[in-house]
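Take a look at the letters that make up each chain.
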Amino acid sequence: MKNKVSIDIPIFIFLIVLSAFLYKISKGYVAKVGFYPRMLLVLTIGLSVIALLETIVKVSRGTMEKKLIPQGDSRSLIIAFVFALAFGLGIIKFGLGLSSLLIMPLYMVYMGCRGIRTIIISLLSFFVFIYLFFFLILKIPMKLLPPFFF
Amino acid sequence: MDWLMILQYIFSPKSMLVMSSSIMFGIIGGALPGVSSTMCVSLFLPFTFIMEPGLGILSLMAIYTASVYGGSVTAILINTPGTASSAATAIDGFKLAQQGKGDFALRISTISSGFGGVISGFALLLFAPPLSRLALLFGPSEFFLLACMGLSAVATLAEESIIKGVISALFGLFLVTVGVDYTVGMPRFTFGLISLEGGISFVPALIGLFAMSQVIKMTKPSSSVVHISNMIRGKILPSLQEYIDLGATYLRGSIIGIIVGILPGAGTEIASWIAYNTEKKMSPKRNEIGKGSKFGVAASEVANNAATGAALIPLFTLGVPGSPVAAVILGGLLIHGLLPGSELFTTHAGITYTAIIGFLLANVLMTIFGLLLIRPFAWVAQLRSSIITPMIFLLCFIGAFSTNNNFFDVWVMIIFGFIGYFMEIGGFNPAPTVLAMVLGPMAEQRFLQMHVLSDGRVLQFMLSRPLSMVLILLIIVFLVSPLFFRKVEKAF
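Quick mapping for you: the protein sequence lines, in order, are chains A and B. Heads up, the first sequence is in this note's numbering, so the first residue is 2 and it goes up one at a time. Heads up, the second sequence is in this note's numbering, so the first residue is 8 and it goes up one at a time.
If you're looking for bench data, these hints aren't it; they were derived computationally from the structure. Do not rely on the hints blindly, as some may be mistaken.
Said to hold, decoys possible - The calculated DSSO-like cross-link candidates involving lysine-lysine, where the alpha carbons are at most 30 Å apart (straight line), are:
(1) A:144 with B:224
(2) B:292 with A:59
(3) A:94 with A:59
(4) B:288 with B:102
(5) B:288 with B:108
(6) A:144 with B:21
(7) B:298 with B:108
(8) B:298 with B:288
(9) A:94 with B:298
(10) B:292 with A:94
(11) B:298 with B:102
(12) B:224 with B:108
(13) A:140 with B:21
(14) B:227 with B:108
(15) B:21 with B:287
(16) B:298 with B:287
(17) A:33 with A:94
(18) B:287 with B:102
Said to hold, decoys possible - Chain A stretches covered by chain B per the calculated footprint, using a threshold of three residues with CB under 8 Å from any CB of chain B:
(19) 36-47
(20) 100-111
(21) 116-130
Glycine included, each C-beta is placed from N, C-alpha and C at the ideal position.
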């Protein structure tokens with residue numbers, strides 16, 4: 002725990018590098034277009050440098066607690082990313098209905114829901130609500146099922 | 008303006024249906040721990056696009072006030088405030104529930120929230136129109152400074168450091184520059200992606216920062232189950248006797264709620280704590296507070312709901328949102344083509360007064376629903392995060408897609424979800440980013456106008472205008488006020 006770097010430090014370094022990279026890109030724009038974003042990027046770099054130095058000094062003096070990603074969060078972060086990616090691709094490829102049917106139960110099981118009845122009842126009632134509110138009343142043009150179902 | 012038409016519109020079946028569903032959505036959302044008022048309003052925002060502007064804004068306001076009330080349900084029943092503004096309610100509310108008086112505490116909280124909400128609606132109705140006339144005196148420099156004032160007010164919400172709040176705001180201002188520049192039509196930071204030429208959509212980014220980031224945070228296996236049904240066994244409807252001695256508490260709580268609500272950066276949370284602690288010092292039954300007293304519950308709940316409408320006064324009149332929820336509502340106003348200021352009370356008076364009077368009615372409806380549906384709401388408090396999180400996850404996707412009916416916005420929402428997660432871990436408040444995305448175009452446009460008018464001497468130009476000087480002073484006050492509020496919070 003003691004050897005770990007406070008998350009503030011990589012965040013500020015990332016901000017400085019990203020802003021510098023974007024600043025370099027903005028140099029290619031004509032003056033009128035590039036002035037405003039450049040001004041914002043310079044301010045971001047300046048403030049990030051100040052905050053970075055402040056964090057380093059405070060952490061080394063022990064006047065500031067090291068901020069770390071909470072234990073277990075790294076795994077959850079990856080799982081959440083996988084679910085989001087799979088669901089995003091799923092609704093494009095298979096439609097909202099089918100991808101929900103495939104991914105939502107897995108998500109619920111990962112979250113600790115074990116009863117099959119609970120999963121089925123909660124999913125069914127939520128789908129009925131989604132169908133009535135979003136598809137029938139608000140008429141959002143999202144695919145519910147893949148084309149081969151029609 | 009035809010008041011009768013406004014009333015007819017508000018009481019039409021369509022408006023009543025929208026209002027009722029918004030209130031239910033707000034109460035249930037507010038009652039779920041981990042789901043904030045900002046998240047509720049953000050998730051609902053895309054669905055207001057298909058509504059008429061007045062009804063759309065009204066539904067957002069109704070969700071706001073209902074979610075602040077909803078937070079008290081779990082605060083009382085399971086000692087876990089659904090929203091931060093009900094933390095003070097939990098102290099006495101949960102003690103009452105443990106004594107088998109959960110139904111009594113919920114009744115007190117419902118009536119108090121409704122009372123506070125109605126009072127704040129009247130404050131909005133009385134104070135906002137005269138204040139909005141101030142905006143007529145503004146030129147480009149004042150509008151630019153107003154945008155800065157809004158940003159400084161929200162940037163200072165960052166819990167740890169003001170620098171982080173300002174960086175969040177700069178990040179939001181930068182995001183607005185992505186896309187085709189409106190002065191010469193040149194693409195900026197699009198990296199060859201055609202979908203980015205129209206800029207980054209505000210709503211998917213908002214859903215990502217406020218809702219998806221929380222879903223990512225909540226994605227953890229959990230098996231905890233809460234049983235509370237035994238705490239709700241008494242009568243549901245209130246009796247006059249229960250409220251006779253609460254008059255002074257309601258008066259104090261309402262005044263505190265309205266004053267604190269108007270101040271940018273303070274919000275419902277601080278209002279409820281100040282009211283609770285004032286009650287602890289001034290109530291004739293002060294010794295009972297903290298041990299399960301109706302005075303503690305009433306003070307906290309009347310103040311946090313009184314702050315809701317009051318927080319909309321600077322938003323409607325000057326376009327300065329003092330809280331993250333107000334920033335989201337500002338986004339809603341702009342998406343519907345409504346600019347805060349005098350126009351809102353002249354050209355668009357019909358829409359604005361529909362929203363404000365509807366807000367008054369929404370608070371009455373919220374009280375009725377709250378009293379009649381205490382038991383189902385208590386059931387909601389038992390729902391596990393293993394069920395809630397996947398549902399919110401699904402709503403994020405539908406909300407992001409329905410903004411422009413394209414899948415690119417879904418990816419934007421996911422990316423901003425992760426950005427929001429890391430922002431929170433690093434102590435960066437996403438609210439200034441969202442507000443900057445709303446105010447960014449105005450800030451850039453007015454800055455360039457001022458640049459042309461002043462022949463490049465921007466600072467000199469600003470300092471030569473008395474109104475600009477006042478706004479600069481106010482910005483300084485907003486930047487310093489959080490330090491004051493933190494001290495007040497600690498003192499209480």
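How the hints compare with the structure:
1. A:144 with B:224: holds (28 Å)
2. B:292 with A:59: Measuring from Cα to Cα gives roughly 46 Å; hence the hint is violated.
3. A:94 with A:59: Judged against 30 Å, a Cα distance of about 50 Å means the pair is violated.
4. B:288 with B:102: Holds: residue 288 (chain B) and residue 102 (chain B) sit about 20 Å apart, inside 30 Å.
5. B:288 with B:108: Holds. Residue 288 (chain B) to residue 108 (chain B) sits at ~24 Å (cutoff 30 Å).
6. A:144 with B:21: Satisfied, since the Cα-Cα distance of roughly 27 Å is no more than 30 Å.
7. B:298 with B:108: Answer holds: residue 298 (chain B) to residue 108 (chain B) is near 13 Å, not above 30 Å.
8. B:298 with B:288: holds (15 Å)
9. A:94 with B:298: violated (57 Å)
10. B:292 with A:94: violated (64 Å)
11. B:298 with B:102: holds (6 Å)
12. B:224 with B:108: violated (34 Å)
13. A:140 with B:21: holds (17 Å)
14. B:227 with B:108: violated (33 Å)
15. B:21 with B:287: violated (44 Å)
16. B:298 with B:287: holds (11 Å)
17. A:33 with A:94: Violated. Residue 33 (chain A) to residue 94 (chain A) sits at ~43 Å, over the 30 Å cutoff.
18. B:287 with B:102: At roughly 16 Å apart (the allowed maximum being 30 Å), residue 102 (chain B) and residue 287 (chain B) satisfy the hint.
19. 36-47: holds (count 6)
20. 100-111: Coverage by chain B holds for the stretch 100-111 of chain A (5 residues, Cβ < 8 Å).
21. 116-130: It holds: at least three residues are needed, and the stretch 116-130 of chain A offers 3 whose Cβ sits within less than 8 Å of chain B.
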